[in-house]
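Sequences are here, hints too, so could you generate the full structure?
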Amino acid sequence: MSSYGVFILSAYLVVLVVLGGLTIASLSARSKVRRELAARGLDRPREQRARTT
Amino acid sequence: MADLHFLANPARFRRFSQRVLPGLTFATVLGFAVGLYLALLQSPPDYQQGETVRIMFVHVPSAWLSMAGYALLAALGASLLVWRHPLAALMARAAAPVGACFALVCLATGSLWGRPMWGAYWVWDARLTSMLLLFFLYLGHIALSRAYDDPDRGDRAAAILALVGVINLPIIKFSVDWWNTLHQPASLMRLDAPAIHPAILMPLLWMAGSFLLLFILLVLVRTETEIDRRRLEIADQNA
Chain A
310 MSSYGVFILS AYLVVLVVLG GLTIASLSAR SKVRRELAAR GLDRPREQRA
360 RTT
Chain B
796 MADLHFLANP ARFRRFSQRV LPGLTFATVL GFAVGLYLAL LQSPPDYQQG
846 ETVRIMFVHV PSAWLSMAGY ALLAALGASL LVWRHPLAAL MARAAAPVGA
896 CFALVCLATG SLWGRPMWGA YWVWDARLTS MLLLFFLYLG HIALSRAYDD
946 PDRGDRAAAI LALVGVINLP IIKFSVDWWN TLHQPASLMR LDAPAIHPAI
996 LMPLLWMAGS FLLLFILLVL VRTETEIDRR RLEIADQNA
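Heads up: the sequence lines are chains A and B, in that order. When the count follows the numbering used here, it moves up by one through the first sequence with no breaks and lands on 362 for the last residue. When the count follows the numbering used here, it moves up by one through the second sequence with no breaks and lands on 1034 for the last residue.
Honestly, the hints are just simulated from the structure, not real lab data. Keep in mind that this is a model prediction, so the values were computed, not measured. Glycine included, C-beta positions come from ideal geometry on N, C-alpha and C. It is possible that some hints are incorrect.
Now the stretches of chain A that chain B is said to cover, found in silico as 3 or more residues with beta-carbon under 8 Å [to be verified]: (1) 312-321; (2) 324-337; (3) 342-351.
Pair by pair, the computed Cβ-Cβ distance ranges are [as the list claims (entries may be wrong)]: (4) A:R349 with B:P980: 28 to 34 Å; (5) A:D352 with B:N975: 55 to 61 Å; (6) B:A806 with A:L322: 25 to 31 Å; (7) B:M997 with A:V326: 25 to 31 Å; (8) B:A1034 with A:V326: 23 to 29 Å; (9) A:L318 with B:P980: 26 to 32 Å; (10) A:S337 with B:Q844: 23 to 29 Å; (11) B:W973 with A:A348: 19 to 25 Å; (12) A:L318 with B:P839: 16 to 22 Å; (13) A:R349 with B:L958: 32 to 38 Å; (14) B:D945 with A:L351: 21 to 27 Å; (15) B:N804 with A:D352: 29 to 35 Å; (16) B:A870 with A:L325: 28 to 34 Å.
A few chain B residues that face chain A, going by a derived Cβ cut-off under 10 Å, partial list only [what the hints assert, rightly or not]: (17) L831; (18) R879; (19) Q979; (20) L1027.
Structure below.
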């Protein structure tokens, strides 16, 4: 790569950090909320919950 | 349109999302693997810009998606205010941070491209300034939707901001035609043929497709999370 390599690699690093960070944050938020739903028994459809209670 | 109304029900949307997410994840990973190979290794340097043209393969797709994301926010805002779709507010809450991150990537990579080409990381140019305004509109939407104790009021205020701010999209698009700017004019979305050689156009379109898949994936995952979060809030209120 040319003398501009530092700018090119920095640009791709920005993409990795910002979009990779957003992906990890989104997935971890989803699993956290799902764990909380499961802990309260709200992770099943309403009809199924009604049958078991 | 009937299918979109069908998906307006959060439970049905959740089932649809869970069906498509595995395939979408696979397609996104594969898209980026091939796209990065094409962008960094296979495509030739530009005859004027040299190797720095490789920044375009991440800068341009992020710009397109940050604008498309805001158009989505405006459409969701209209759905919420006019038809009171139950999913519109949740999806807008999910999509705003995704759009903001794509706008941030666009600004940062543009700045890194500007330094070697223009000799400056930033200039108060019409295109750059209107893009910065789009980023602030996203931040405003995120802040406004979370600013009220009653989430419905926050969602409605953010929907109004999304509809007002949509005027910025044609300003971004045509800023390079309306004012004298350092930013280059449109090379692809023009009335005549694209001004990019196919050897550079193909990796650009491939990367744009991969960015689009990632955008959809993130919006689906975050919308699912918002639906589940709302279920927890309702359970708390009923307890």
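Taking the hints in turn, this is what the structure says about them:
no. : hint                            : verdict
1   : 312-321                         : holds (count 7)
2   : 324-337                         : holds (count 7)
3   : 342-351                         : holds (count 6)
4   : A:R349 with B:P980: 28 to 34 Å  : 56 Å, violated
5   : A:D352 with B:N975: 55 to 61 Å  : 58 Å, holds
6   : B:A806 with A:L322: 25 to 31 Å  : 40 Å, violated
7   : B:M997 with A:V326: 25 to 31 Å  : 27 Å, holds
8   : B:A1034 with A:V326: 23 to 29 Å : 40 Å, violated
9   : A:L318 with B:P980: 26 to 32 Å  : 28 Å, holds
10  : A:S337 with B:Q844: 23 to 29 Å  : 39 Å, violated
11  : B:W973 with A:A348: 19 to 25 Å  : 56 Å, violated
12  : A:L318 with B:P839: 16 to 22 Å  : 19 Å, holds
13  : A:R349 with B:L958: 32 to 38 Å  : 36 Å, holds
14  : B:D945 with A:L351: 21 to 27 Å  : 22 Å, holds
15  : B:N804 with A:D352: 29 to 35 Å  : 18 Å, violated
16  : B:A870 with A:L325: 28 to 34 Å  : 30 Å, holds
17  : L831                            : 8 Å, holds
18  : R879                            : 22 Å, violated
19  : Q979                            : 17 Å, violated
20  : L1027                           : 6 Å, holds
Of the numbered hints given earlier, the model fails hints 4, 6, 8, 10, 11, 15, 18 and 19; all others are met.
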